[in-house]
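Sequence order for the protein chains is Y and S. Under the numbering used here, the residue at position 109 of the first sequence is numbered 109, and the numbers go up by one with no gaps. Under the numbering used here, the residue at position 22 of the second sequence is numbered 22, and the numbers go up by one with no gaps.
It is worth saying that the hints were derived from the structure and are not from the lab. One should not assume that every hint holds.
[What the hints assert, rightly or not] Simulated restraints, written as ranges between beta carbons of each label pair:
#1 Y/A119 to S/L83: 35 to 41 Å
#2 Y/T48 to S/E28: 52 to 58 Å
#3 Y/G142 to S/H113: 30 to 36 Å
[Unchecked claim] List of simulated lysine-lysine pairs, DSSO-like, C-alpha gap at most 27 Å:
#4 Y/K198 to S/K138
#5 Y/K120 to Y/K7
#6 S/K138 to S/K65
#7 S/K180 to S/K202
#8 S/K117 to S/K22
#9 S/K180 to Y/K198
#10 S/K262 to S/K194
#11 S/K234 to S/K262
#12 S/K22 to S/K65
#13 Y/K198 to S/K117
#14 S/K206 to S/K65
#15 S/K180 to S/K65
#16 S/K117 to Y/K203
#17 S/K117 to Y/K205
#18 Y/K7 to S/K262
#19 S/K202 to S/K117
#20 Y/K184 to S/K202
#21 S/K180 to S/K206
#22 Y/K120 to Y/K184
#23 S/K22 to S/K218
#24 S/K194 to S/K206
#25 S/K138 to Y/K205
#26 S/K202 to S/K225
#27 S/K138 to S/K180
[As the list claims (entries may be wrong)] In silico negatives: residues of chain S with every beta carbon more than 12 Å from chain Y:
#28 M1
#29 R4
#30 A93
#31 S94
#32 H107
#33 D172
#34 K218
#35 A243
#36 D263
#37 A281
#38 A285
Ideal placement from N, C-alpha and C gives every residue a C-beta, glycine not left out.
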Amino acid sequence: MIVVRQKPLKEIVKAVAPYRRILLVGCNTCAAVSLAGGELEVDTLVQTLRLASSQEGTGSVFEGAVLQRQCEPEFIEKLEIDDCDALLSLGCGAGVALLADNVDIPVIPALDTMFIGSAKGLASWRAECSACGSCVLGETAGICPITRCAKGILNGPCGGVNDGMCELGDRECAWVLIHDRLAKLHREDEFETTHEPKDYSVKTKNPEWDAHARGGDR
Amino acid sequence: MSFRDVVESDEFIISSEVGPPKGIDVAEMLETAEQLRDRVHALNVTDNQAAVMRLSTLAACVHLKQHGFEPILQMTCRDRNRLALQSDLLGAASFGIDNVLSLTGDHVVVGDHPQAKAVFDVESVQLLEIIAELNAGKDMVGNELHGTPSFFPGAVVTPDANPLEPQLAKFDKKVRAGAKYFQTQAVYDPDAFKRFMEHARKHDVKVLAGIVVLRSAKMARFMNKHIPGVSVPKNVIDELQAASDGTQTGIEIAARFIRDVKDSCDGVHIMAVGAEHLVPAVLDAAGIGSVTQ
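My request is simple: use the sequences and hints to build the entire structure.
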């Protein structure tokens with residue numbers, strides 16, 4: 001899923017300040033699962049912004065709505081904008097972008113899109129995929145070195161590894177994990193495989209993808 | 001004698017390093033290098049070391065070369081993509097700078113421009129392969145070069161990495177990718193280093209043990225905290241803490257490490273971290289005289 005998190009409230013308050021009638025638009029897919037853009041979060045932010053607005057005396061009106069998916073036109077069509085002068089999106093970047101493509105008023109992001117990740121536990125997620133367009137997980141025992149190694153190294157741990165931790169101190173060394181899992185899977189011979197530089201043009205050359213028309217480069 | 005000649009001979013190899021200035025005044029860097037003349041075979045020139053922005057390693061190498069020193073160009077993959085790496089390498093070769101040390105590089109987050117976008121388009125193993133291709137007269141995608149460089153590539157290794165096995169697997173990859181010599185991260189445990197050397201000796205490469213000249217317990221603690229890949233053990237910190245003259249004790253510790261590892265490796269790489277003037281004293285204390293030029 002796409003993992004998102006709310007921007008600092010101060011930033012949101014400042015961004016909506018020029019507008020008087022603001023509709024908050026949640027997204028019931030990834031953003032809801034990320035606990036940042038579902039019904040509860042939209043309601044909470046509506047109440048918070050109303051409170052902030054009444055304290056400042058701006059007289060702005062805030063309402064909320066939640067779409068099933070902000071990144072699909074068929075769901076956006078159902079949105080009733082009425083006389084709003086701005087939308088505040090509680091969706092990922094794709095949701096903000098598609099909303100902005102379909103309305104004639106400003107769309108402001110309330111969230112920051114962090115990564116494609118998995119749930120580690122309750123309300124915690126980990127980046128797993130960088131959407132590089134040429135997957136190497138088959139060669140790295142299911143642990144993405146592009147994503148989980150801070151340097152995206154393809155050929156083993158750097159010299160910064162310390163007791164299995166990354167030199168940045170905030171994550172385990174992806175290459176120690178890959179090494180351990182390859183060993184566990186009796187794939188030790190793959191320790192010797194040198195991975196060639198990645199072809200980043202795959203990503204660059206495929207800004208759009210049409211599964212029916214076999215678009216892009218294949 | 002070029003560094004390549006020394007490495008290919010039976011001589012005990014001595015290298016050290018200098019850091020380019022933050023700014024354009026290279027006088028101090030050249031003075032530092034002067035203190036090491038006749039005592040080392042080559043001088044590494046660091047490349048935005050610890051991700052702190054400085055004068056370019058290539059420009060600094062040119063200055064040193066013009067003053068009669070034998071520089072080793074440190075090349076990290078942090079700040080350059082594959083075009084810039086090859087381009088700078090060709091630039092180096094055009095100045096007769098052939099010694100290249102391939103490094104992935106410390107992350108920008110640990111340096112003085114933590115907001116920067118880190119590059120890491122390729123990494124140390126792949127950079128060694130790129131160097132091999134340039135040496136074969138072609139760029140990494142197979143285009144012919146006008147004039148073929150003859151780089152002498154080296155790499156780094158952490159002999160007491162924890163865990164060790166993935167580090168050794170990477171060491172093997174670097175050897176296969178063409179590294180002719182290795183400068184190790186700081187050695188503090190001679191026994192662990194000897195165990196590493198048993199592995200290294202399976203390959204036909206030269207290994208220079210990394211020796212850091214510590215000057216105080218405070219400095220050691222600072223390095224442990226801020227420099228990736230550095231972990232000065234407690235017993236060494238305690239020894240410095242108890243010393244009345246930290247600098248003298250630091251020199252003695254460094255010299256002792258050199259004596260301890262001398263017979264199990266091919267040379268030493270001395271990192272004085274801003275106190276290069278102490279290197280001659282360290283070498284004297286270790287019983288190593290002037291080098292043949």
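Results of checking the hints against the structure:
1. Y/A119 to S/L83: 35 to 41 Å: 39 Å, holds
2. Y/T48 to S/E28: 52 to 58 Å: 56 Å, holds
3. Y/G142 to S/H113: 30 to 36 Å: Given about 34 Å between the Cβ atoms, the range holds.
4. Y/K198 to S/K138: 19 Å, holds
5. Y/K120 to Y/K7: 22 Å, holds
6. S/K138 to S/K65: At roughly 26 Å apart (the allowed maximum being 27 Å), S/K65 and S/K138 satisfy the hint.
7. S/K180 to S/K202: Distance ~13 Å between S/K180 and S/K202 Cα, so the pair holds.
8. S/K117 to S/K22: 20 Å, holds
9. S/K180 to Y/K198: 25 Å, holds
10. S/K262 to S/K194: 10 Å, holds
11. S/K234 to S/K262: This hinted pair holds, its Cα atoms lying about 23 Å apart.
12. S/K22 to S/K65: Within the cut-off at roughly 20 Å; holds.
13. Y/K198 to S/K117: 18 Å, holds
14. S/K206 to S/K65: 23 Å, holds
15. S/K180 to S/K65: 21 Å, holds
16. S/K117 to Y/K203: Holds. S/K117 to Y/K203 sits at ~18 Å (cutoff 27 Å).
17. S/K117 to Y/K205: 22 Å, holds
18. Y/K7 to S/K262: With a Cα-Cα distance of about 57 Å, the restraint between Y/K7 and S/K262 is violated, given a limit of 27 Å.
19. S/K202 to S/K117: Distance of about 39 Å is beyond 27 Å: violated.
20. Y/K184 to S/K202: 26 Å, holds
21. S/K180 to S/K206: 7 Å, holds
22. Y/K120 to Y/K184: At roughly 22 Å apart (the allowed maximum being 27 Å), Y/K184 and Y/K120 satisfy the hint.
23. S/K22 to S/K218: 24 Å, holds
24. S/K194 to S/K206: Holds, because 14 Å separates the two Cα atoms, which is no more than 27 Å.
25. S/K138 to Y/K205: 26 Å, holds
26. S/K202 to S/K225: 34 Å, violated
27. S/K138 to S/K180: 20 Å, holds
28. M1: Holds, because the least Cβ-Cβ distance between S/M1 and chain Y comes to about 29 Å, which exceeds 12 Å.
29. R4: 24 Å, holds
30. A93: Fine: 21 Å to the nearest Cβ keeps S/A93 off the interface.
31. S94: Consistent with the label, S/S94 stays out of reach of chain Y, its closest Cβ about 24 Å off (over 12 Å).
32. H107: At about 5 Å from chain Y, S/H107 fails to clear the 12 Å cut-off, so the statement is violated.
33. D172: Answer for S/D172: violated, closest chain Y Cβ roughly 7 Å.
34. K218: S/K218 is indeed farther than 12 Å from all Cβ atoms of chain Y, at 20 Å.
35. A243: For S/A243, whose nearest Cβ neighbour in chain Y is about 26 Å away, the distance exceeds 12 Å, so it holds.
36. D263: 25 Å, holds
37. A281: 27 Å, holds
38. A285: S/A285 is indeed farther than 12 Å from all Cβ atoms of chain Y, at 27 Å.
Going down the numbered hints, you'll see the structure goes against 18, 19, 26, 32, 33, while the others check out.
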